[in-house]
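Engineer: Each chain, written out:
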Amino acid sequence: MRDVSVVGIGQAKVKEHWERSLRDLATEAILGALKDAHVDHADALYVGNMLSGELAGQENLGALIADQVGLRGIEALKVEAACGGGGAALRVGYLAVASGQFDVVIVAGAEKLTETSNCLTTASLAMAADGDYETIHGISFVALNALLMKRYMYEYDLVPEDFAAFTLNAHANAVNNPYAMFRAPITVEQYKKSRDIADPISVMDSAPICDGAAALVLMPTNRLNGNGARAIKIAASASGTDSLGLQDRRDPLWLSAVEISSQKAYAQAGIAPQDVDLFEVHDAFSIMSVMSLEAAGFAERGRGALLAREGQIGIQGKLPLSTMGGLKARGHPVGATGVYQAVEAVTQLRGQAGKNQVPDAHIAMTQSLGGVAANAVTHIFTN
Amino acid sequence: MKLMKPKRDVGIIGYGAYVPRFRIRAEEIARVWGGAEDGLPIEEKAVPGLDEDTVTMSIEAARNALARAGIDPQQLRALWVGSESHPYAVKPSSTIVADAIGAAGSILAGDWEFACKAGTEALQAAIGLVGSEMAEYAMAIGMDTAQGRPHDALEYTAGAGGAAYIVGPAENALAILEGSYSYVTDTPDFFRREHQHYPQHGNRFTGEPAYFDHTLRGAQGLLDELGYKPSDFAYAIFHQPNVKFPQTAAKKLGFKPEQIAPGLLTNKIGNTYSGAAMIGATAVLDIAKPGDRILMCSFGSGAGSDAFSFVVTEKIRERVAKAAKTMWYVSRREVIDYALYARYRGKLVMN
Amino acid sequence: MDLARNWRLKDQRFRLEGTVCAECGAKFFPPRQVCTECKSTNLTPHEFDGHGELYSFTTLRSAPMGYEDQLPYVVGMVKLDEGPIVEAQITDVNPDALKIGQRVEMVTRKLRAYGDDGVIVYGYKFRPVANGA
Numbered sequence: 001m002r003d004v005s006v007v008g009i010g011q012a013k014v015k016e017h018w019e020r021s022l023r024d025l026a027t028e029a030i031l032g033a034l035k036d037a038h039v040d041h042a043d044a045l046y047v048g049n050m051l052s053g054e055l056a057g058q059e060n061l062g063a064l065i066a067d068q069v070g071l072r073g074i075e076a077l078k079v080e081a082a083c084g085g086g087g088a089a090l091r092v093g094y095l096a097v098a099s100g101q102f103d104v105v106i107v108a109g110a111e112k113l114t115e116t117s118n119c120l121t122t123a124s125l126a127m128a129a130d131g132d133y134e135t136i137h138g139i140s141f142v143a144l145n146a147l148l149m150k151r152y153m154y155e156y157d158l159v160p161e162d163f164a165a166f167t168l169n170a171h172a173n174a175v176n177n178p179y180a181m182f183r184a185p186i187t188v189e190q191y192k193k194s195r196d197i198a199d200p201i202s203v204m205d206s207a208p209i210c211d212g213a214a215a216l217v218l219m220p221t222n223r224l225n226g227n228g229a230r231a232i233k234i235a236a237s238a239s240g241t242d243s244l245g246l247q248d249r250r251d252p253l254w255l256s257a258v259e260i261s262s263q264k265a266y267a268q269a270g271i272a273p274q275d276v277d278l279f280e281v282h283d284a285f286s287i288m289s290v291m292s293l294e295a296a297g298f299a300e301r302g303r304g305a306l307l308a309r310e311g312q313i314g315i316q317g318k319l320p321l322s323t324m325g326g327l328k329a330r331g332h333p334v335g336a337t338g339v340y341q342a343v344e345a346v347t348q349l350r351g352q353a354g355k356n357q358v359p360d361a362h363i364a365m366t367q368s369l370g371g372v373a374a375n376a377v378t379h380i381f382t383n
Numbered sequence: 001m002k003l004m005k006p007k008r009d010v011g012i013i014g015y016g017a018y019v020p021r022f023r024i025r026a027e028e029i030a031r032v033w034g035g036a037e038d039g040l041p042i043e044e045k046a047v048p049g050l051d052e053d054t055v056t057m058s059i060e061a062a063r064n065a066l067a068r069a070g071i072d073p074q075q076l077r078a079l080w081v082g083s084e085s086h087p088y089a090v091k092p093s094s095t096i097v098a099d100a101i102g103a104a105g106s107i108l109a110g111d112w113e114f115a116c117k118a119g120t121e122a123l124q125a126a127i128g129l130v131g132s133e134m135a136e137y138a139m140a141i142g143m144d145t146a147q148g149r150p151h152d153a154l155e156y157t158a159g160a161g162g163a164a165y166i167v168g169p170a171e172n173a174l175a176i177l178e179g180s181y182s183y184v185t186d187t188p189d190f191f192r193r194e195h196q197h198y199p200q201h202g203n204r205f206t207g208e209p210a211y212f213d214h215t216l217r218g219a220q221g222l223l224d225e226l227g228y229k230p231s232d233f234a235y236a237i238f239h240q241p242n243v244k245f246p247q248t249a250a251k252k253l254g255f256k257p258e259q260i261a262p263g264l265l266t267n268k269i270g271n272t273y274s275g276a277a278m279i280g281a282t283a284v285l286d287i288a289k290p291g292d293r294i295l296m297c298s299f300g301s302g303a304g305s306d307a308f309s310f311v312v313t314e315k316i317r318e319r320v321a322k323a324a325k326t327m328w329y330v331s332r333r334e335v336i337d338y339a340l341y342a343r344y345r346g347k348l349v350m351n
Numbered sequence: 001m002d003l004a005r006n007w008r009l010k011d012q013r014f015r016l017e018g019t020v021c022a023e024c025g026a027k028f029f030p031p032r033q034v035c036t037e038c039k040s041t042n043l044t045p046h047e048f049d050g051h052g053e054l055y056s057f058t059t060l061r062s063a064p065m066g067y068e069d070q071l072p073y074v075v076g077m078v079k080l081d082e083g084p085i086v087e088a089q090i091t092d093v094n095p096d097a098l099k100i101g102q103r104v105e106m107v108t109r110k111l112r113a114y115g116d117d118g119v120i121v122y123g124y125k126f127r128p129v130a131n132g133a
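Residue numbers (my numbering), protein chains in the order written: chain Z, 1 to 383; chain S, 1 to 351; chain C, 1 to 133.
In case anyone wonders, no lab produced these hints; they're calculated from the structure. The beta-carbon is built from N, C-alpha and C at its ideal position, and this holds for glycine as well. Do not take every clue at face value.
Claimed, not checked - Distance windows between CB atoms, simulated:
{"#": "1", "chain 1": "C", "residue 1": "Pro72", "chain 2": "Z", "residue 2": "Ala272", "range": "43 to 49 Å"}
{"#": "2", "chain 1": "C", "residue 1": "Glu68", "chain 2": "Z", "residue 2": "Leu77", "range": "33 to 39 Å"}
{"#": "3", "chain 1": "C", "residue 1": "Val34", "chain 2": "S", "residue 2": "Glu314", "range": "50 to 56 Å"}
{"#": "4", "chain 1": "S", "residue 1": "His197", "chain 2": "Z", "residue 2": "Arg250", "range": "48 to 54 Å"}
{"#": "5", "chain 1": "Z", "residue 1": "Leu77", "chain 2": "C", "residue 2": "Pro72", "range": "39 to 45 Å"}
{"#": "6", "chain 1": "Z", "residue 1": "Ala272", "chain 2": "S", "residue 2": "Arg343", "range": "53 to 59 Å"}
{"#": "7", "chain 1": "Z", "residue 1": "Leu120", "chain 2": "S", "residue 2": "Thr185", "range": "51 to 57 Å"}
{"#": "8", "chain 1": "Z", "residue 1": "Ala184", "chain 2": "C", "residue 2": "Glu68", "range": "27 to 33 Å"}
{"#": "9", "chain 1": "Z", "residue 1": "Lys192", "chain 2": "S", "residue 2": "Ala89", "range": "48 to 54 Å"}
{"#": "10", "chain 1": "S", "residue 1": "Thr185", "chain 2": "C", "residue 2": "Thr44", "range": "53 to 59 Å"}
{"#": "11", "chain 1": "C", "residue 1": "Trp7", "chain 2": "S", "residue 2": "Glu314", "range": "41 to 47 Å"}
{"#": "12", "chain 1": "Z", "residue 1": "Gly100", "chain 2": "C", "residue 2": "Thr44", "range": "46 to 52 Å"}
{"#": "13", "chain 1": "S", "residue 1": "Lys322", "chain 2": "C", "residue 2": "Pro72", "range": "32 to 38 Å"}
Stated by the list, open to error - Pairs of lysine to aspartate or glutamate, EDC-like flavour, derived with a Cα cap of 20 Å:
{"#": "14", "chain 1": "C", "residue 1": "Lys27", "chain 2": "Z", "residue 2": "Asp132"}
{"#": "15", "chain 1": "C", "residue 1": "Lys79", "chain 2": "Z", "residue 2": "Asp248"}
{"#": "16", "chain 1": "S", "residue 1": "Lys347", "chain 2": "S", "residue 2": "Asp152"}
{"#": "17", "chain 1": "Z", "residue 1": "Lys192", "chain 2": "Z", "residue 2": "Asp248"}
{"#": "18", "chain 1": "C", "residue 1": "Lys27", "chain 2": "Z", "residue 2": "Asp251"}
{"#": "19", "chain 1": "C", "residue 1": "Lys79", "chain 2": "Z", "residue 2": "Asp132"}
{"#": "20", "chain 1": "S", "residue 1": "Lys251", "chain 2": "S", "residue 2": "Asp213"}
{"#": "21", "chain 1": "S", "residue 1": "Lys91", "chain 2": "C", "residue 2": "Asp117"}
{"#": "22", "chain 1": "S", "residue 1": "Lys325", "chain 2": "C", "residue 2": "Asp92"}
{"#": "23", "chain 1": "S", "residue 1": "Lys91", "chain 2": "C", "residue 2": "Asp116"}
{"#": "24", "chain 1": "C", "residue 1": "Lys99", "chain 2": "Z", "residue 2": "Glu155"}
{"#": "25", "chain 1": "S", "residue 1": "Lys325", "chain 2": "C", "residue 2": "Glu105"}
{"#": "26", "chain 1": "S", "residue 1": "Lys322", "chain 2": "C", "residue 2": "Asp96"}
{"#": "27", "chain 1": "Z", "residue 1": "Lys193", "chain 2": "C", "residue 2": "Asp96"}
{"#": "28", "chain 1": "C", "residue 1": "Lys110", "chain 2": "Z", "residue 2": "Asp132"}
Chain Z extracted, bound-state conformation:
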């Protein structure tokens, strides 16, 4: 296997893109990444996406987008792993380069969630869960996370405000990210007053419905051809799964897939959790941040929320999280999110994060979850 590096990044602003289509957004991100990489060709394109068929009436995204960016003829596929499709696409792209099959691969993530009515989007997002045993009962994706959060609060004697720091941190970081959806800081008071979607999860605990696209160009580390200066190495790429439905988990408060993929990634990179300088966590809901921190080994079980309360997750903290706003504030265009996370990790390791630059950042970790962590894809980047 060859070492793989990211040589180019591109992204579209995350927002409700009423005037732009899935292909428009993907094209903007990919052209940006190719320009950033100083390349004008690629051998393959892998597109992370969850709901193009359901919401935009469009499948076969590989062929569509390869053609749109002027690369008609290359290998191109859509990669789906629910909300973790972006991370999964990166993993497929990584394997394609590491295996020696291809020398230049584009990994893109693109999603448009605003093409239709809210309740259809809600129903479609619930497809990430178990259709016959969860969705049929009217259990939305938010509700699944609410069920976990309520039980977690019961087990560890917490109140909703104990989770507020994750939301405040994400919004504070998004202020300085021009590609983020929400660029205003929020206060604890606003957090407390926000409306429940499925108690105890409020609007302020959950990532927004939005559109976006991001892209990466990958090349073998030993063939960078002048791209070396800005290249960021992928030190680990690992994936794990859990049962799709929460009902099938013996211990629903433990994210096994996160543990499996994190441990594999640490082993590949030859690091321990405490070596990680920043973590782009899958903070679709505050409870996912907390449980991910525990299963990935950053906090003891039951103590994930404390990490935030103790101020360790800010840019200057011990483990900066969601450094460009995370899913909560940058936005969560589901199948694209994993690629945004990688773009942001690369930005940090290049030292281009501006006011949000994590000092001395050398090791960045990203984690993309599909469903309620039925799928977890972890990547570790180094400069």
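Position chains S and C against the provided structure of chain Z, taking the given hints into account.
Structural biologist: Okay, now just chains S and C, sitting in the frame of chain Z:
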């Protein structure tokens, strides 16, 4: 000989009731319409929740009946649901109920409709099926979630609830059938045409020529055929579209108020249509003692009446407590206002 | 309308029919063909008795398409006495009165209807245990 009595002695092996938990007070309905023309016919009526219908209510009543009967549902050879509010116009409620309780397979299933006596019509058929030895056990259900047109007199009374009965051989019965009698004529006192949401009725025409004529003939016919007088019965249950009608009918026949009081539930749950006489009788069985003779007399518009005489056996003692009692369902209540009632009963225009 | 899909699940929806492993005795709902404990493929049907306790619950204020008419409604995870967790709606309740650990029992209710002219799907929900006997 107009008495109906099968060659083989049969009886009730198990029974079960169901009433949904919501109630709307009659005074709340009157408030919306600026008062009731003829006073309030009852105190309050039962209203089904959004996830309830004749099928789900029948399933719970049927499970209660099975729990009391203690038989394997696969021993049932018929399951019939009588109702005027089947959720499908075409597709049986009874097949859903049969499958839900584990009785599907080698069984007859069908829906009955005869305004408020569809359930007792099904009970007569079940008696015939078991009495002829075509079947060992058969279940008859009367269940309704009836609707009255807003502001119509029926809006005060159209309730929800009903009961399920398992008929089987007399030797295993908690109440043995002594005989039954049915009386039917063409009398258009109340009807609902195909595709219509609400029924029409003949106001005072529903009284003398319809309810009273048929109910009195049904009950008196049975008494005459069996050679009994009202005092031979511990309890009597009549179809109960309101409180006054069954009280008047009972009085005309010579029954005392205390004989009908335990089985007169309309004041608290409304008129449960196909379920009305049958759930009145489950309330009576819950408190009956061995040896008690019970008259159950239904009335259905259109019109007709089925009357039954049962004698309670020793087996009642062990079976009553095996499932929820009727009065428990009656006392389980959450009062809602007219706005929620309108929503739960689909009276809001949504599209 | 998902006619075949809902029809084939009716034994599970009506009677909580899952499976039990003939080798190690592990019980599953939803049913499985491969035992998660011992990897045996020798599993037979097992009907759960429908009693358990509330593991967690939430009240939805925003619903997926097809469920908007039911809002607000409560969904929960129920830990059955025989082991497995089942997710379902919790019915006949005032959510403010619900507590984690509360005893619940299975009932059969309407899960959804596919519009006014479509099929009605019936299946399990749970409600606080009510002993009316």
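Engineer: Each hint needs a verdict: does it hold in this structure or not?
Structural biologist: Against the structure, the hints:
Take proline 72(C) and alanine 272(Z): their Cβ atoms lie about 46 Å apart, and the range 43 to 49 Å holds. Checked against the given bound of 33 to 39 Å, the beta carbons of glutamate 68(C) and leucine 77(Z), roughly 35 Å apart, stay inside it. Remark: the range hint 50 to 56 Å for valine 34(C) to glutamate 314(S) is upheld by a beta-carbon distance near 51 Å. Between histidine 197(S) and arginine 250(Z) the beta carbon distance is about 50 Å. The supplied range of 48 to 54 Å therefore holds.
Distance hint check: the CB atoms of leucine 77(Z) and proline 72(C) are about 41 Å apart, consistent with the given range 39 to 45 Å. Distance hint check for alanine 272(Z) and arginine 343(S): the Cβ-Cβ separation is about 57 Å, which falls inside the suggested range of 53 to 59 Å. Separation of leucine 120(Z) from threonine 185(S) is about 54 Å and conforms to the stated range, judged on CB atoms against 51 to 57 Å. Roughly 30 Å separates the CB atoms of alanine 184(Z) and glutamate 68(C), a value that falls within the hinted 27 to 33 Å.
Checking the proposed 48 to 54 Å range against lysine 192(Z) and alanine 89(S) shows it holds: the Cβ atoms sit about 51 Å from each other. Checked against the hint of 53 to 59 Å, the pair threonine 185(S) and threonine 44(C) passes, with Cβ atoms roughly 56 Å apart. Between tryptophan 7(C) and glutamate 314(S) the beta carbon distance is about 44 Å. The supplied range of 41 to 47 Å therefore holds. Between glycine 100(Z) and threonine 44(C) the beta carbons are some 49 Å apart, a value that agrees with the proposed interval 46 to 52 Å.
Taken as a hint, the range 32 to 38 Å holds for the pair lysine 322(S) and proline 72(C), whose Cβ atoms sit roughly 35 Å apart. Between the alpha carbons of lysine 27(C) and aspartate 132(Z) the distance comes to roughly 19 Å, so the proposed pair stays at or under 20 Å and holds. Taking the CA atoms of lysine 79(C) and aspartate 248(Z), the gap is near 11 Å; set against the 20 Å cutoff, the hint holds. For the given pair, lysine 347(S) sits about 14 Å from aspartate 152(S) by alpha-carbon distance, which is consistent with the 20 Å threshold.
Straight-line distance between C-alpha atoms of lysine 192(Z) and aspartate 248(Z) comes to about 33 Å, which puts the hinted pair past the 20 Å bound. Simply put, lysine 27(C) and aspartate 251(Z) have alpha-carbon atoms about 16 Å apart, close enough for the 20 Å limit, and the pair holds. Of the pairs offered as hints, the one joining lysine 79(C) and aspartate 132(Z) holds, with about 18 Å between alpha carbons and a cut-off of 20 Å not exceeded. Pair hint lysine 251(S) plus aspartate 213(S) holds up; C-alpha atoms about 14 Å apart against a cutoff of 20 Å.
Proposed proximity of lysine 91(S) and aspartate 117(C) is supported: the alpha carbons are some 12 Å apart, at most 20 Å. Restraint check for lysine 325(S) and aspartate 92(C): satisfied, since their Cα atoms lie roughly 18 Å apart, inside the 20 Å limit. Note on lysine 91(S) and aspartate 116(C): the hinted pairing holds, with a Cα-Cα distance of about 15 Å set against a maximum of 20 Å. Between lysine 99(C) and glutamate 155(Z) the CA atoms are separated by roughly 13 Å; this keeps the pair inside 20 Å, and the hint holds.
Proposed proximity of lysine 325(S) and glutamate 105(C) is supported: the alpha carbons are some 17 Å apart, at most 20 Å. At roughly 31 Å between alpha-carbon atoms, lysine 322(S) and aspartate 96(C) are farther apart than 20 Å, so this suggested pair is violated. Between lysine 193(Z) and aspartate 96(C) the CA atoms are separated by roughly 19 Å; this keeps the pair inside 20 Å, and the hint holds. A distance of roughly 15 Å separates the Cα atoms of lysine 110(C) and aspartate 132(Z); the hinted pair therefore holds under the 20 Å criterion.
When the structure is compared with the earlier hints, violations turn up for hints 17, 26 and for no others.
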